[in-house]
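Chains as they are written, first to last, in our numbering: chain A, 1 to 214; chain B, 1 to 270; chain C, 1 to 426.
Among these hints, one or two may not hold up.
Derived list of chain C stretches under chain B, where covered just means 3 residues or more per stretch with a C-beta under 8 Å from a C-beta of chain B [said to hold, decoys possible]:
(1) 67-73
(2) 175-183
(3) 223-236
(4) 286-296
(5) 327-337
(6) 358-368
(7) 389-400
For lysine-lysine, the following BS3-like pairs were computed, each having C-alpha atoms within a straight-line distance of at most 30 Å [what the hints assert, rightly or not]:
(8) B:32 - B:2
(9) C:277 - C:290
(10) B:66 - B:127
(11) B:66 - C:290
(12) B:61 - C:290
(13) C:195 - A:162
(14) C:290 - A:28
(15) C:194 - A:162
(16) A:22 - B:66
(17) B:61 - A:22
(18) C:277 - B:2
(19) B:61 - B:127
(20) C:194 - C:277
(21) C:126 - B:32
(22) C:290 - A:86
(23) C:126 - C:61
(24) B:66 - A:28
(25) A:162 - C:419
(26) A:165 - C:194
Hints were generated in silico from the structure; no laboratory data involved.
Backbone N, C-alpha and C define an ideal beta-carbon position, used for all residues, glycine too.
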Amino acid sequence: MEMISIWIAAILTLGIFSFLYKDNPLYKACEALFVGVSAAYWAIVFYFDNIYKKFYEGAVTAEEPDYFLWIGAILGLLFLTRLVPKIGWVSRWPMALIVGATAGLWMVGYFVSNAMNQIGNTISNIIARDELTGAIAWGETFGTMVILVGVVSGLVYFFFSKEHKGVFGATAKVGTWFLMVTFGASFGYTVMSRMSLLIGRVDFLLGDWLGILR
Amino acid sequence: MKRQIPLVIVFVFGTLMVIQYFVPHENSEIVKGFLLDWIVIIGIFALALGLWSLVQVSIDKINSRKENWEYPLVTLISLTVMIFFGFTSHAEDASWWGYFLAIAVLLAALWMLAQGLMGNAANRNVKSLSALGLVIVFSLLAIFDGSWEFKFYTAEGLTNQMFVHFFDYIMIPLQATMFALLAFFITSASYRAFRARNLLATLLLISALIVMLRFTPGPWGEYLAKTSSWVMNVPNLAAQRAIVIGIGLGIVATALKVILGIERGYMGKG
Amino acid sequence: MRNSFEKTRASRALLLVFVCSLLLLIVSFSTSVSAQADNDSDTPADSILALAAPAPATDLKAFDTDNDHGHSITIEWTLSADDGAGANSVISYRIMKSESPDGPFDSVGLVPLGATSHVNSSAIDKNSEGYFSDNTDYYYRVEAMTTNAALFSSSEIVGPVQSSGQWFNAGLVPVLIAILIFTILTMIFVQLAKKGMDLYVRPLAGIEAVDEAIGRATEMGRPILYVLGLGSAADIATIASFTILGRVAKKVAEYQTELNVPCYDPIVMAVAQEVVKSAFIDAGRPEAYKDDIVHFITNSQFAYVGAVNGIIMRDLPATNVYMGKFFAESLILAETGAAAGSIQIAGTDEIPQIPFFFVACDYTLIGEELFAASAYLGREPELLGSLKAQDYAKAVLLASAIIGILLINIFPDFGETFKSWFEVID
Numbered sequence: 001m002e003m004i005s006i007w008i009a010a011i012l013t014l015g016i017f018s019f020l021y022k023d024n025p026l027y028k029a030c031e032a033l034f035v036g037v038s039a040a041y042w043a044i045v046f047y048f049d050n051i052y053k054k055f056y057e058g059a060v061t062a063e064e065p066d067y068f069l070w071i072g073a074i075l076g077l078l079f080l081t082r083l084v085p086k087i088g089w090v091s092r093w094p095m096a097l098i099v100g101a102t103a104g105l106w107m108v109g110y111f112v113s114n115a116m117n118q119i120g121n122t123i124s125n126i127i128a129r130d131e132l133t134g135a136i137a138w139g140e141t142f143g144t145m146v147i148l149v150g151v152v153s154g155l156v157y158f159f160f161s162k163e164h165k166g167v168f169g170a171t172a173k174v175g176t177w178f179l180m181v182t183f184g185a186s187f188g189y190t191v192m193s194r195m196s197l198l199i200g201r202v203d204f205l206l207g208d209w210l211g212i213l214r
Numbered sequence: 001m002k003r004q005i006p007l008v009i010v011f012v013f014g015t016l017m018v019i020q021y022f023v024p025h026e027n028s029e030i031v032k033g034f035l036l037d038w039i040v041i042i043g044i045f046a047l048a049l050g051l052w053s054l055v056q057v058s059i060d061k062i063n064s065r066k067e068n069w070e071y072p073l074v075t076l077i078s079l080t081v082m083i084f085f086g087f088t089s090h091a092e093d094a095s096w097w098g099y100f101l102a103i104a105v106l107l108a109a110l111w112m113l114a115q116g117l118m119g120n121a122a123n124r125n126v127k128s129l130s131a132l133g134l135v136i137v138f139s140l141l142a143i144f145d146g147s148w149e150f151k152f153y154t155a156e157g158l159t160n161q162m163f164v165h166f167f168d169y170i171m172i173p174l175q176a177t178m179f180a181l182l183a184f185f186i187t188s189a190s191y192r193a194f195r196a197r198n199l200l201a202t203l204l205l206i207s208a209l210i211v212m213l214r215f216t217p218g219p220w221g222e223y224l225a226k227t228s229s230w231v232m233n234v235p236n237l238a239a240q241r242a243i244v245i246g247i248g249l250g251i252v253a254t255a256l257k258v259i260l261g262i263e264r265g266y267m268g269k270g
Numbered sequence: 001m002r003n004s005f006e007k008t009r010a011s012r013a014l015l016l017v018f019v020c021s022l023l024l025l026i027v028s029f030s031t032s033v034s035a036q037a038d039n040d041s042d043t044p045a046d047s048i049l050a051l052a053a054p055a056p057a058t059d060l061k062a063f064d065t066d067n068d069h070g071h072s073i074t075i076e077w078t079l080s081a082d083d084g085a086g087a088n089s090v091i092s093y094r095i096m097k098s099e100s101p102d103g104p105f106d107s108v109g110l111v112p113l114g115a116t117s118h119v120n121s122s123a124i125d126k127n128s129e130g131y132f133s134d135n136t137d138y139y140y141r142v143e144a145m146t147t148n149a150a151l152f153s154s155s156e157i158v159g160p161v162q163s164s165g166q167w168f169n170a171g172l173v174p175v176l177i178a179i180l181i182f183t184i185l186t187m188i189f190v191q192l193a194k195k196g197m198d199l200y201v202r203p204l205a206g207i208e209a210v211d212e213a214i215g216r217a218t219e220m221g222r223p224i225l226y227v228l229g230l231g232s233a234a235d236i237a238t239i240a241s242f243t244i245l246g247r248v249a250k251k252v253a254e255y256q257t258e259l260n261v262p263c264y265d266p267i268v269m270a271v272a273q274e275v276v277k278s279a280f281i282d283a284g285r286p287e288a289y290k291d292d293i294v295h296f297i298t299n300s301q302f303a304y305v306g307a308v309n310g311i312i313m314r315d316l317p318a319t320n321v322y323m324g325k326f327f328a329e330s331l332i333l334a335e336t337g338a339a340a341g342s343i344q345i346a347g348t349d350e351i352p353q354i355p356f357f358f359v360a361c362d363y364t365l366i367g368e369e370l371f372a373a374s375a376y377l378g379r380e381p382e383l384l385g386s387l388k389a390q391d392y393a394k395a396v397l398l399a400s401a402i403i404g405i406l407l408i409n410i411f412p413d414f415g416e417t418f419k420s421w422f423e424v425i426d
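Only chain A is shown next, with the shape it has when bound in the complex (with noise of 0.2 Å):
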């Protein structure tokens, strides 16, 4: 039994690696196979984890039932409306509360967090001191400067009612630099961990199925 599924799973991981050579009928099984087996997955995970443990069990079967859940289920029939075109525009009600409530919910937090405490985190000491000696230390103090820099030229760059021109235009510019200077950095970041990855699937295919490497 094990062998045979371990076979299995090589073939699928072969499967989706021939996608690199072309399209091709082992990739199109491969591709249909994983979302049947993925949705039904999630779906029968869901299932137990929201419908039976945290509807089922809270608002029906517990000893002091947890009447407001019931809201909630009364929501989701509405949303299932959409079936009857009749009566389709009811399921607008839950998608707008939950629309509504989670932009609420964001709202404020997304201004706190990437707005205000940004600001708060790029207010500080411009010049940088030794902490034994109390000297200036010439090199951090650059790279504040740098960052004051980088921080103004690149919101100049997202503003969107000012004409990007002269000076302005200019800093914006400055503003792309910076932009680059991240995507570089963030791209380069990233390609050890991808080429991890890869080694792993190779480390199967060698290690558990062929037995090549132990």
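Starting from the known structure of chain A, fit chains B and C onto it as the hints suggest.
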């Protein structure tokens, strides 16, 4: 009216959640908890809708007999089989024959049912009747075959040997391999970046190379490691911060527009 | 010619920025205070075996913790005379709690020497560990502990004290003010825009490419693929993407091109169906709408990617649009699309994925540009007005950062206060 009610709901719940943020009282946390629970429960009902869409599109493709019509069949079979595994438990030392026979009958029944309901007008009744017959056979198997049973109220299906096997030996390798494709794609993307010749692309490339080579051993290594950590901690940090602030404002503005009913694109009306 | 002109402008700006920073440097250098004095406290002599009980902690205070959900009491005290001084025998403080001044007292916390406060709190769930109810009397005492577990001394008992939740978090006042200002600003500009104020927005290549890309698809007779990403309908990036989808779908309906929208999240699918349907009705072609234009695939990240890759390779769409939340799959999709020769337009607020889209796609909307896109495509005055408000907010934040830096370098005390307004924690 049809358009107004959703906007009112959005406004009321949006404002409620904004206020909630400033109220630390436990009642406020309880309200938030309920709203989040509701969203999760709505999501489950929506998932049923999603699966229905997947099934419908697949059946349409199969019935059209256009190129590649066979593959949706694989999807439908694996979907049904995996769901069946998830809702059943199999007695440990019992034979598997009855179990697999039941699956085969179930698949045939569903197929006939689908054809009867959605197929061509010709012999629809015959198909519907055979579906009914197969469903009866399946029910008899479910009742009288003691080697397996349905488990809707206990999560025993999640530990069903076949369910676990399908997860371990089909889903996991497919998932890991799909992810591993990134190793090749990041290489081709690097090549693409390498070909572009202008100031911006060059900046991107140089900083990518510096960071990529940060673990290089040898005399150059230490220098590269230092430069790369400077790139990460100074210019990278600066631009990241600008992007983060921009995204924050974009999200706040969009959320505000949604709550105030200015942005209605998500309701199909811009 | 144009290039060198731009170069001089760029260098002028650089020079300006550099000179400003230099000025800042000089100003702050001449006024900045010298490095802070070290305030390392003396460490206790290791392993002194205390023979006598240490002096107790004094001035014990217990009060309801501010700005919280309740179920939390803060205890403060003054250090024992033998903590870091005197006999130097205190190693920790044990916080004891009881419902009656006569006991029994139970330990609710242990803090190391030198600490002068402790927050005794619990979750709001009745079944959680250490739960205690609001509006109930409690008594506290603090025990100064030594290395010898039997050798400790108790402070006096304080109480009764009750915990309760607050209805407003006073620590968030700066946030409230900022949010109010932003809301008012947005409303003002929306009103101005409605009244016909001329609002300029700079061109965004990614957005301008959308129309062109749909035209190209029509000419080639190939479909357009629109991917909403892995976000849920609760992600603002996905909501922004819905608006863009609406515009694209309307154009698609007008041009009679094919559209394919595979979905990862079922709620997103339902909303997207609604969006596309309305767009087709708006374009006067309701009969062309079919529910399978927007369809669900699976909510498993890589299975979804596999299927979308299949669509890209088999249908060879003329244009792929990726807008919303994307994770590791961004590069798999974008590279496959590039290999298939599609024109690709992407936009996401997931910062780690932006570089991959940037490299593999023809046009990329970076972060905030995704949220601005709906205003660009719709050209409705309300949406453009709010863009203006966004820009003002950016200007205010930028100014705050610069003022803050000046303050902290010139008037450190006031600067720190100013900085703290921005450092509110959720």
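Handout entry: Broken hints, by number
Key = Failing hints: none at all.
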